[in-house]
Amino acid sequence: DAKTTQPPSMDCAEGRAANLPCNHSTISGNEYVYWYRQIHSQGPQYIIHGLKNNETNEMASLIITEDRKSSTLILPHATLRDTAVYYCIGRRIQGAQKLVFGQGTRLTINP
Amino acid sequence: GAVVSQHPSRVICKSGTSVKIECRSLDFQATTMFWYRQFPKQSLMLMATSNEGSKATYEQGVEKDKFLINHASLTLSTLTVTSAHPEDSSFYICSQQGNNEQFFGPGTRLTVL
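Chains as they are written, first to last, in the working numbering: chain A, 1 to 111; chain B, 1 to 113.
It should be emphasised that the hints constitute simulated quantities derived from the structure, not laboratory data.
Here the structure is a predicted model, which is why all the values come from computation and not from measurement.
Backbone N, C-alpha and C fix where the C-beta goes; we use that ideal spot for every residue, glycine too.
Wrong hints could be hidden among the right ones.
Looking from chain B toward chain A, a few residues come up when the C-beta cut is under 10 Å (computed) [claimed, not checked]:
1) P86
2) S89
3) F91
Pair by pair, the computed Cβ-Cβ distance ranges are [claimed, not checked]:
4) B:S18 with A:S25: 41 to 47 Å
5) A:P7 with B:P8: 20 to 26 Å
6) A:T72 with B:N99: 21 to 27 Å
Below, in silico cross-link-like pairs of lysine-lysine (BS3-like), each with a Cα-Cα straight-line distance of 27 Å or less [unchecked claim]:
7) B:K64 with B:K20
8) B:K66 with B:K14
9) B:K41 with B:K14
10) A:K3 with B:K41
11) A:K98 with B:K66
12) B:K64 with A:K98
13) A:K98 with B:K55
14) B:K41 with A:K98
15) A:K69 with A:K98
The shape of chain A in the complex, shown without the other chains (with noise of 0.2 Å):
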């Protein structure tokens, strides 16, 4: 699985658009990047995938750059309740595999 590289620590205001950053720059054509969050003492919490195009879901939106050896989460209108650990992990989507946490960024939501 490829190995991924993500800031120790972000703050965001209140409201405005929180951008996560991630670099994956030894993934594979067949690894998609995966987002995970971790709210404190709760287990993770899916939130989008993507192989190379941008993805958007309710939660958030994943632009990859086009030679994919790189991606950014974005939570467009950030709460305080986004505050979280947020993982960026590459994976194969085929089958049961397992997913291998780096330490993430932990983004913290001001006021």
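Fit chain B to the supplied structure of chain A, relying on the hints for placement.
Frame of chain A, contents of chain B only:
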């Protein structure tokens, strides 16, 4: 997404006792479940992959005789921490494999005195 529950949510036990943690898939039949643990201020570490009706696959460094995993049905996997010691105190989280993503339980906080 799929709903995964864990029981108990927290447990405190004495050193040397065994603790069983249940992971239930409430609305999805999960052939594969995963067990993770998380120490304070650290990331999740995969312990083992549990397959329904067969033996679990353990990650390197995880003692299979200490962390017993049973996945007897498509909706239930259990993790038993045998002869628990204070260093086993951790946050244990299970997840189930959905169609394209994993869904995680709320976690069980184990404290061994």
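Quick rundown of the hints versus the structure:
1. P86: Nearest chain A Cβ about 20 Å off; hint violated.
2. S89: violated (14 Å)
3. F91: holds (7 Å)
4. B:S18 with A:S25: 41 to 47 Å: holds (45 Å)
5. A:P7 with B:P8: 20 to 26 Å: This hint is violated: roughly 36 Å between Cβ atoms.
6. A:T72 with B:N99: 21 to 27 Å: Between A:T72 and B:N99, where Cβ atoms are some 25 Å apart, the hint holds.
7. B:K64 with B:K20: With Cα atoms ~14 Å apart, B:K64 and B:K20 stay inside 27 Å; holds.
8. B:K66 with B:K14: Given that 27 Å is the threshold and the Cα spacing comes to 16 Å, the pair holds.
9. B:K41 with B:K14: Holds - the C-alpha atoms of B:K14 and B:K41 are around 24 Å apart, at most 27 Å.
10. A:K3 with B:K41: The given pair, whose Cα atoms are some 20 Å apart, holds under the 27 Å limit.
11. A:K98 with B:K66: Satisfied, since the Cα-Cα distance of roughly 21 Å is no more than 27 Å.
12. B:K64 with A:K98: holds (18 Å)
13. A:K98 with B:K55: holds (16 Å)
14. B:K41 with A:K98: holds (21 Å)
15. A:K69 with A:K98: Given that 27 Å is the threshold and the Cα spacing comes to 21 Å, the pair holds.
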